[in-house]
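First to last, the protein sequences are chains B and E.
Per the working numbering, the first sequence runs over residues 1477 to 1975.
Per the working numbering, the second sequence runs over residues -5 to 182.
Hints are computed from structural coordinates only; laboratory data are not their basis.
Any given hint might turn out to be false.
Said to hold, decoys possible - What the simulated footprint calls covered on chain B by chain E, stretch by stretch (three residues with Cβ under 8 Å from a Cβ of chain E suffice, anywhere in the stretch; the number is not a length):
1) 1508 to 1522
2) 1538 to 1548
3) 1679 to 1690
4) 1799 to 1805
5) 1958 to 1964
Beta carbons are placed, not taken as given, at the ideal position from N, Cα and C, and that holds for glycine.
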Amino acid sequence: MDLDYHALAPEIVVAATILLVLGLDVALPRRRKYWTAFAGVVGLTLAAVPLVTLALGGGPGARSMLGGGYVVDDFALVLKAVFIAGGYLVLLMSVSYIESDRYYQGEYYLLLLTSILGSLIMASSRDLITVFVGLELVTGPLFLLAGWRKGDARSNEASLKFFILGVLSTAVLLYGMSFLYGLTGSVTFEGIRTAGAGLLDSGAFRLAVLFTLIGFGFKITAVPFHFWAPDTYEGAPTPVTAYLSVGSKAAGFVGLLLLCYRAFPSVTEIWGPALWVLAALSMTLGNLTALRQDNIVRMLAYSSIAQGGFILVPFAAAAVTNDPLVIQEAASATIVYVIIYAFMNLGAFAVVIEGARRTGTSMIDGWAGMWRYAPRLAVLGAVFFFSLAGIPPLAGWYAKFAMFLAILRPGNPWTAALAVIAAVNAVIALVYYARVGKTMWMDPLPDGASDGERTARPMSGALALALGISVIFVILAGVLPFQLAGVFAEAAKVVTAGI
Amino acid sequence: MTFSDWLAEPVNWAFLALALPMTVAAVRVVTSRNVVHAALFLVLTLAASAGLFILLSAEFVAWVLVLVYIGAVIVLFLFGIMITRAPIGRETDLSHAGRWPAALASLAVLALTLWLITAVSGQVEGFDGPLPAVGVATDSAILGEGFIMRYLIPFEAVGFILLAALIGGITLARKDLTPAEEEEAERV
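Excised from the complex, chain E in its bound form (with noise of 0.2 Å):
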């Protein structure tokens, strides 16, 4: 397929309109030296990475992006900023000192990834025809089934890992009472 080819597909065209943004979007979370600025980059990096997935027709994963990560994480972190009075404005000392050899790696790791890439399609198991699921969007009656019937004891695993987390959390982060104050809360 000549890249012409490529570029007369209609979806191909909406594949740049995400990907390219989200590539600027996600250089400038780290190149940003303003905090908010960079998560509110993260978000856009999120929101063309769940467009992808809706490209995919998987858009329960899509949808999954958008509220947990932009709706939950993301809010968090300004809220956290905003919250902890941390210095919001431009900072000098964001950048680590050892950003060049992290750039290297991360350069390396993209170099492996696309390697990967391009040696595994083509090859992969039962995926020689055309792909099956294209145009249709994945049931989330399937995945959800799927939840609570094939993978019941990893859902149910991932819930006490999740009280765990919190109940665990909570307990560190929290002020310790003096010897005193707890006798008077002993005492009420």
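Bound-form chain B, shown alone (with noise of 0.2 Å):
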């Protein structure tokens, strides 16, 4: 046996704190049942530690385990603090969210860090059997969060929605996958990288190679597979629709660039294009649903589908050009764009989860005026919106700016288009979520409202916490993005390594 424990440590911290707060849940009596998230968040700020031991002292050469299945590389490591410092912030979000109705807490807690844990699983994934059940590990625990509200029949709704087309797309990739494994005769990306270039003119193979990207586009709710996004993203619990949002979707990309530059780019004249069409279909349709929303949640649901087009383009990119550096930028925008959209739609979602808790109400109209009453809140929601909406200096803009950097590089007439469809859909954008902004600041207080008891309750300390690191981040790598950018390099230099 070739384990590296100190390479698979945080995964052996996270799965300890998940059995611990299974033994806390049992043991702890009903009104201290919040420790078990106090123990959580301290499981996961210490799986952080060896990544930093990992990355200081690990060299450029990656720790690969389990005959090439398991790598531990700059691009994992990245990928890693990124799920970590996501899950880390939606368990903040959900203490007080969680603790104020009666909902089973320390079961709450075990799902969601079991989720972190298929993701922390699948960023080292490098083949089909660990990627797939890495996978299932980060989606299988959010059917049943989906659905955690058990009295709300929408939150039933979302639920079984997420469950069914989750296992339909489920089913989809893994015939995809079996007819990969059974064409190339390897499960690992490898050999199917090597394999795959003998068997170009293979229609089986190309059909094996779509049918696993319509798979992963389920779970990164690319148009026109995103049914079940809006209704399964309203009905659930709003610290599960961030995770959902931000956690379930960056586990579907990190699949997708794995599997895209390293699996398949022998047949790029496949992926390409069909990427090109769910990234235009879901920046379009995605923001132009999006504008016509009344609900926050609802509308930062479309949002997500029209941000993930985005995450989407870079591919686009890559696929039209042998160049390596060309391929590399794409694939580091891909990453970069994944990370920020984690920080501020976490954001944002923080936001929403206390402007429901004041107002009463996840309406926009409901909120109208909010600066009187919360400055604060009004100031951190307009950071968070104008960021997703991609203004300077707020971080948002520099996942735009090497967005547009990477499509526009290749000079191709196709990619030119789709630069211009994102150009058009980055401005819709920014009519919605400014809408926000101007209803918090300029709109008057909806009639019968008092400012005394709007005021009453304080936020608790956790999601200020939370709201506090993710607007840092924002306002920092908005200020400092070329810094941040050259250790994303790395991470693209290595999952593009050998195309």
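Mind docking these for me? Both chains are given alone in their own frames, and the hints should help you get the complex.
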């Protein structure tokens, strides 16, 4: 056995935390159940420590184990850091939300941590079996968490829709993967890449690649595989929605990055046009539908579909070129966008949780004049929504800048067309993000609302911490983006190596 | 190879003996008007597919199919029907209104699969000679070793999926206590 316990330490710590939470949940009396959240937060913090020691002491060599099926390299480390940070923020956001009602707290944190463990495994997976099991570990607990508000019919509907479409997508994905294995005789990405070069004319291989992409299309809620997302996002408890729109989506993108760049570089003429179409449809339909939403959670659901389209854009650039530097830049743009999106979207959801608690509604109109009674929350809301729109100096501008740079680099008419579509959509997106800002800052208070009533309840410390971390990241990454991008370029170099 | 050549192979007789009843049973699973009958036809379908796996020398998969699907899942179905006092017997509203589009879609999938399999046979990497494993049962020791050596991490991950599914499923399915009952339970 060639197990490298140092490289596996983050997974082992999270797994131990899951078991600890399970034990604590049994042992603790009902009013102390929030200790399980505390255990989860501490466990995730501890899990981040080996990431730092691995990044500092690892050197350039990747730590590969289990026959090359599980690799801890710069790509894996960067994404694991994002998954742990995102999970950490969601845990902090959940504390007061979950405590405020009669939810099952211990089980909730257990499932959330299990999903985080799955995303850690996905970042390191380098074969079909590990990537598939990792993806199921990410989404499996989320089917259940989406229905956590048991008494609410919309939450039940959210869970059921997500489950049925999730199972369908899993079946399609698995079908594609089984053909990949049957055709190439290999489950590792390296093996599929080598054998795939000899299967260029094989229609079956192309179909297998397409099936795999469709399977991941469901996970990243790309149009036309997005139908489940708005209802699920609206019905699920809001912290779960935040995790769905960031954690499970990022895990889907990790799988897509690994498959496209490591397993299928020989068939770019298949996945290039397919992802071009998905990107264009997701951006356009996501944004146009988001324009018409009155409910802020539904708006964020469609906006996250559109953002997923932006994240897909650089794939189309990588598909039309053979220049390794351009491909690397495209991969780097995707990774940077996923990371910045994770922080700004989690921040936006934290604002939504607090805003909904203050105003008692998630309708955008109900938030009118928020700056009068919650000025700090209104400022934070403006920061996150304008960052999502891509306004400098907030981090979102750099994500869009890197994306446009990557898509314009190949100088191909198709990529140029996609750049135009993306530019139009960036403007449309600004309209609805800015509308939330306008409602909070410029509209008068809704009738019958008194200032005193709304200021009475203070924000919970954990949620304030989550907001603080995300706002610091969003501002720092927006002011010093190139330092940040340097770190991610290493990760992109690793994932595109050998094309 | 002509059809009579194909029939001359005894193993293909076994294939026909399994595949034909399997197809009929699979159709009856969907068309049967009685839920219990549908479940029993599913048993037949699964048993025949287990037989097909034995023909492919994959006996471990075959027995897993028998143990897990026939032994546990279908029995659970039947218990579920009996315990929940769901109507047993003929039912008229089992058919979905969209059954014809659904039938068309499943025929399209069948055509696609058939095309895939005929396209694939002949160009499979490394299988141009005689199939390597014909007549030799896959040693389950190899599979077991794979689980705890090469595929250790996915194996452990599956353990966590099951843990999460079990705990989450019970939490969602159990009946919530009212606040008064909860206080009662706390005191005991």
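Hint by hint, here is what the structure shows:
1. 1508 to 1522: violated (count 0)
2. 1538 to 1548: holds (count 4)
3. 1679 to 1690: holds (count 3)
4. 1799 to 1805: violated (count 0)
5. 1958 to 1964: Result for this restraint: violated, n = 0.
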